[in-house]
Each structure stands twice: as structure tokens, then as C-alpha cells.
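In order, the protein sequence lines correspond to chains B and E.
Counting along the first sequence from 1, when you hit position 424 you're at 424 in our numbering, and nothing is skipped either side.
Counting along the second sequence from 1, when you hit position 163 you're at 163 in our numbering, and nothing is skipped either side.
Among the hints, a few may not be true.
[As the list claims (entries may be wrong)] Below 30 angstroms or equal to it, Euclidean Cα-Cα: the simulated DSBU-like pairs (lysine-lysine) are:
hint : chain 1 : residue 1 : chain 2 : residue 2
1    : B       : 276       : B       : 240
2    : B       : 276       : E       : 57
3    : E       : 144       : B       : 279
4    : B       : 333       : B       : 294
5    : E       : 14        : B       : 126
6    : B       : 387       : B       : 401
7    : E       : 91        : E       : 14
8    : E       : 27        : B       : 126
It should be emphasised that the hints constitute simulated quantities derived from the structure, not laboratory data.
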Amino acid sequence: MSYKGRDVYMVSGGVTKFAKASPDMDFRLRVKKAFDYALNDGNITIQEIDGSVASYFSDHFQRQLMAGIMVNDYLGLSPKPSKRIEGGGATGGLAFQTGFEEIASGRMDTCAVYGFETMSHVNTWKGNEFIALASDTNFDYPVGGFYTGYYAMMANRHMHEFGTTVEQLAKVSVKNHGNAIHNPYSQSPMKLTVQDVRNSPMVSTPLTRLDVCTMSDGAAVAILASGEKAFEIADREGTKPVKIASIGTGTDTMRLSDRPFGRVPLLSNEKESDYKDLKYPGIHSFRAGRTAAKEAYKGAGITDPLNELDLVELHDAYTSSEIQTYEDLGLCKYGEGGQFIDEGKSELHGKVPVNPSGGLLAAGHPVGATGIMQAVFMFWQLQHTVKKHFKDDTLQVKNAKRGLIHSHAGTGTYVAVSIMEAVQ
Amino acid sequence: MTLNPDAKMEETQKGAEVYNVDPLIVKSHYEIDYIHSYAQDSEFFRALGKKKLMGSKCTNKKCGYVYATPRGHCMICGSETEWYELPNHGKVHAFTTCFFGGEEFLSETPFNLAMIEFEGVNSLFMARLIGADAEDLYIGMPVKAKFRRNQKFSPTDVYFVPDVAKK
Numbered sequence: 001m002s003y004k005g006r007d008v009y010m011v012s013g014g015v016t017k018f019a020k021a022s023p024d025m026d027f028r029l030r031v032k033k034a035f036d037y038a039l040n041d042g043n044i045t046i047q048e049i050d051g052s053v054a055s056y057f058s059d060h061f062q063r064q065l066m067a068g069i070m071v072n073d074y075l076g077l078s079p080k081p082s083k084r085i086e087g088g089g090a091t092g093g094l095a096f097q098t099g100f101e102e103i104a105s106g107r108m109d110t111c112a113v114y115g116f117e118t119m120s121h122v123n124t125w126k127g128n129e130f131i132a133l134a135s136d137t138n139f140d141y142p143v144g145g146f147y148t149g150y151y152a153m154m155a156n157r158h159m160h161e162f163g164t165t166v167e168q169l170a171k172v173s174v175k176n177h178g179n180a181i182h183n184p185y186s187q188s189p190m191k192l193t194v195q196d197v198r199n200s201p202m203v204s205t206p207l208t209r210l211d212v213c214t215m216s217d218g219a220a221v222a223i224l225a226s227g228e229k230a231f232e233i234a235d236r237e238g239t240k241p242v243k244i245a246s247i248g249t250g251t252d253t254m255r256l257s258d259r260p261f262g263r264v265p266l267l268s269n270e271k272e273s274d275y276k277d278l279k280y281p282g283i284h285s286f287r288a289g290r291t292a293a294k295e296a297y298k299g300a301g302i303t304d305p306l307n308e309l310d311l312v313e314l315h316d317a318y319t320s321s322e323i324q325t326y327e328d329l330g331l332c333k334y335g336e337g338g339q340f341i342d343e344g345k346s347e348l349h350g351k352v353p354v355n356p357s358g359g360l361l362a363a364g365h366p367v368g369a370t371g372i373m374q375a376v377f378m379f380w381q382l383q384h385t386v387k388k389h390f391k392d393d394t395l396q397v398k399n400a401k402r403g404l405i406h407s408h409a410g411t412g413t414y415v416a417v418s419i420m421e422a423v424q
Numbered sequence: 001m002t003l004n005p006d007a008k009m010e011e012t013q014k015g016a017e018v019y020n021v022d023p024l025i026v027k028s029h030y031e032i033d034y035i036h037s038y039a040q041d042s043e044f045f046r047a048l049g050k051k052k053l054m055g056s057k058c059t060n061k062k063c064g065y066v067y068a069t070p071r072g073h074c075m076i077c078g079s080e081t082e083w084y085e086l087p088n089h090g091k092v093h094a095f096t097t098c099f100f101g102g103e104e105f106l107s108e109t110p111f112n113l114a115m116i117e118f119e120g121v122n123s124l125f126m127a128r129l130i131g132a133d134a135e136d137l138y139i140g141m142p143v144k145a146k147f148r149r150n151q152k153f154s155p156t157d158v159y160f161v162p163d164v165a166k167k
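Please build the complete structure, drawing on both the sequences and the hints.
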């Protein structure tokens, strides 16, 4: 695969405050708030938007089919072109990439990508049941129908293969909940210790309540544009657009049980001999994540991710999946994810801050909005406008020039990785 | 022609369950029965009633990939697979004990989930593991398949227990 298309930029973004329940607004109004924030912040008029992409995961949560067109209609974007994108937890990342494709192909000069999920209409356990319907309903769902259970087995295997510890998992929770204290959009800011995480109620061994993200209501909007349009918009506000340097997408089998035991698809800084005895991906690693990263790195010319990325926003639905993802993205070698957090490399002031926003664990996970939320937070980081949007610049990564966003579905079935770059 | 300006919608005694007034939040009920076909996976569910655990094997001699969880076509080469009886004895490849779950299974907690591996088989099988507490489980633990007498035509018609001599 090789990519030939127009350059694509992100020109503005907006996010609603994520909350466990916010019944004062429905999904249309929530998107409208984020959309108006983005239009206003970028000094963009609605007439300038050529079309849109709707991002939401579940029709069950709201019992409203075609919710996408209801948002499009409410925003006043009809009769312009629009489509809905769905791919489980990666819905937001996939929709963002679809917006990229609309611009890159030359079809649109500006595209609004909006994501939302309203998970508060059902109780948490019914919500878990709905999410579990995103596992094979012949063989997986009826056995125990619980995503935390699936991830717990993967974490268990990662610990067995590589010696990862529950304390290392807990450190991810401490980091992400702590970062969220400075993110006013976040749902669960908390100052925690490793002991707090281990002492919280066990959900599915070894994952406790604080190793797992929560259900959220929320919306996020990213406005993308072609080069010419992006610089025209940026000139009005004296700001800078952010380039979307490349996209990458990977997939894997729906059933965890079908994952093969083969060889690692190597990144350019890895050697066959690094993984002589490793059977890959098994259930300890995400082949889709590695595949997505490989494509995105190729497109952006990245050969040494740890030294060529300034920050990462990744899909930490579970603390264990953040550690697994460090490895898939090649921030460290397979097996070194636990050590990576021990050494503080992913901390806010570490080598490559991971989830400075608080991630899914603490900022929240309104599924269809999540991947777009990552894009908006990354946009503000690369624009160096975190202080303006958060009214606090604690989380601003100094000298942030290039970042990676990572959106992930199922037990690692779809993964979307996009590279974003500040404009010099 | 029956143009009737006095037409009235029938009043009933049915009301709404209201949780909150501002914003107005009401209960909305939804329930459905599906006519679910197991289609090409049917044999797996039927065989459980004969105490047989069926996997599938790729029919392409050059491939021959062996699946513990059956699938009609091979993910490696795309060829059709054939049914294949799995051994009843395997080992725990990964495990967890769920203390919470989706609503449908919440009343069954705590329960153990395990990925089972079989000698000479290329893929795994997800199942409930009973007869062991959370602290008894380990990777590599020998287990054996047992079958429900009254079939529910669910993958839980087969479950695994520790493969140890009876006390």
C-alpha cells in the first residue's frame, strides 16, 4: 500500500466535558456544543463545511437508529454529504481517518468529523452487556459476555510471558488519573497511589475498578481541511493548523481464540533476533496495533518512534492495554512495557508523555467521541494552546512537534493510528 | 366519507414511569426474541449433546491449520474446513475470575473464564472453568472438558474442570 493524496490538516476542534451522565443535553445538543466551540475557535463559518463524518459505536445505547443523520440535521449540515463510520472502540479513530480521506482524495476542502455516545441511558451492567455484544455471539458472548474479563485474560498472559506486574498496571492508572486533574474536560480526575488502585474492588483478576475506564456521555468534533483552506482559516486567527502526516489501520480476528502464534511484524528499529522465542501475537499483544503503527510510521517517515514522537494519546480502556500498546507502537520492545512505566518514560515529564489528557481511564470513554477527543487534545498540544482551552498549562508538553493518536476496538480487532505534526 | 372533527384518541390507564422532571426522564422498555441460526456452526452445538467437542481443520493439505474454536473457512488460506473432534484434555493458556459482568451474567459471578489450549491444535477455546477458586488457577493447569446433560445449545454446554484425581 502506498499513499498518494493531498496534504490534510486539522484546523479546529471542540470537546464537551465528559460525564457519567448528563441528561440535560441529548446527543445532538452535545455535538452542537462541541461543533460551535470548534467553529468559533477556528473562526470558521458553517457555510465553509463541505461535508461530515458521523462517529458513534452503538445503536443499542440510545435505541435510535440513524442517530448520525439526526446530528447532521441538528447542526444544519444537511443536505451536504455525510456518512456514519462504526468500528467498536476505534470508531472515533476510524471516522477521523475517513475525514482525512475525504480531504486527501480531493472530494472535500473542509470536513467536520463529529463523534458522540450517550451511555447513561442504561445501567452500567446493561452497558457492559451491550459492549460484550461486540464479541462473537455464537462462541464468546454466551460464555461470560464481559470485556473486562477478556482483557483480564490478555493481561494475565502478558504477565506470564513477560513478567509484567499488577503494580506496573496500577502505575498507569495513577499516571492517567493524575494527569486528568489538570484537564477540565475529564470525567475522573484523581490523585491515587498504586495501593489505592490495588485496594479498589476487584472486577476481573488482575484488573481492579481503577484499572478499567468508565461509561461516559460526551461528544467531540474535529474540523479537517486541505492545505490551501487550512492556511486561509489559520490566517484569520493568527493561529496554525496541525498537519495530519499519515494514517495507519490494522485489524485482527474477532475471536481472541483465533489469534495466531506467529512472528512479530518488525518495525525498522527491531530485528528478527529480538523475538526469537516469542509466539505472536497470541493473546498478549495486539497485531492490529502493530500493523496500524507500521503503516503510519511508513507514511510519516518515522524509523525510531521513541525518539521521533513527542507525545502519544492512546486507547487505555484498561491499564494493561496501555502497557501492551507501548510495545505495539514500538515505544519499547515487546516485553518491556512494564519496565517502560517503571522508568517513568510515559509520565507527563518523561521521555514521551503518554495520555497527558488522562486518557480513557480518566478523561472518559464515550466510545464514538473518544478517538476524536484524542485528536482534539493532540491538536491543542501541537498548536501549543492547551493553556487557552484548559485554563491551565500544566499538561502542555513543551516543544511538542509530533504526536501519535491511537484508537482501538474490541479485543484489538480494529486499530487506527494517526500521526499529527505541528506546522513550522 | 367520514370527516369527523370530534374524533378523539382513546384515553387509557397506562402511564409513564418518570425518573426526573427537569430534564424529563422516563422509562422506555425494549425487548426482543431473535430467531438465531447457528448456520455453518450448527454441528458444534449439536455435538456437545453427544459429549463431543468439535473443532475444525483446514482441508487444504498445504495448510492444514487446526482450529479449537471451529470456523467454516480457514483464516490463513481461505479453504473450507472440516469438522474435527478435539481431545477432552487441555491446559489453561490464560485465565481470570470475574467478580462483575454484563447484566445477563451478573448473577453468576464470581465465575472463571479461561482460554484453553490443546496439544497439536493451532488455536484456543474460551470456556468457563469450574471446580477451582481464583487462587487455584494457573497457566499450564491441566483441565478436562465436561458436558451438560440438559443441553441449552450454548457454548457453555461444555465447561472445564481441573484434571486431577478425585479426592
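Hints, one by one, checked against the model:
At roughly 46 angstroms between alpha-carbon atoms, residue 276 of chain B and residue 240 of chain B are farther apart than 30 angstroms, so this suggested pair is violated. Restraint check for residue 276 of chain B and residue 57 of chain E: the C-alpha separation of about 27 angstroms stays at or below 30 angstroms, so the hint holds. With a C-alpha separation of about 25 angstroms, the suggested pair residue 144 of chain E and residue 279 of chain B falls inside the 30 angstroms cut-off, and the hint holds. Simply put, residue 333 of chain B and residue 294 of chain B have alpha-carbon atoms about 14 angstroms apart, close enough for the 30 angstroms limit, and the pair holds.
Restraint check: the Cα-Cα separation between residue 14 of chain E and residue 126 of chain B comes to about 26 angstroms, which is no more than 30 angstroms; the hinted pair holds. In summary, the hint linking residue 387 of chain B to residue 401 of chain B is supported, as the alpha carbons are separated by about 17 angstroms, within the 30 angstroms threshold. Taking the CA atoms of residue 91 of chain E and residue 14 of chain E, the gap is near 56 angstroms; set against the 30 angstroms cutoff, the hint is violated. With a C-alpha separation of about 15 angstroms, the suggested pairing of residue 27 of chain E with residue 126 of chain B holds against the 30 angstroms cut-off.
Violated hints for the displayed structure, listed by number in ascending order: 1 and 7.
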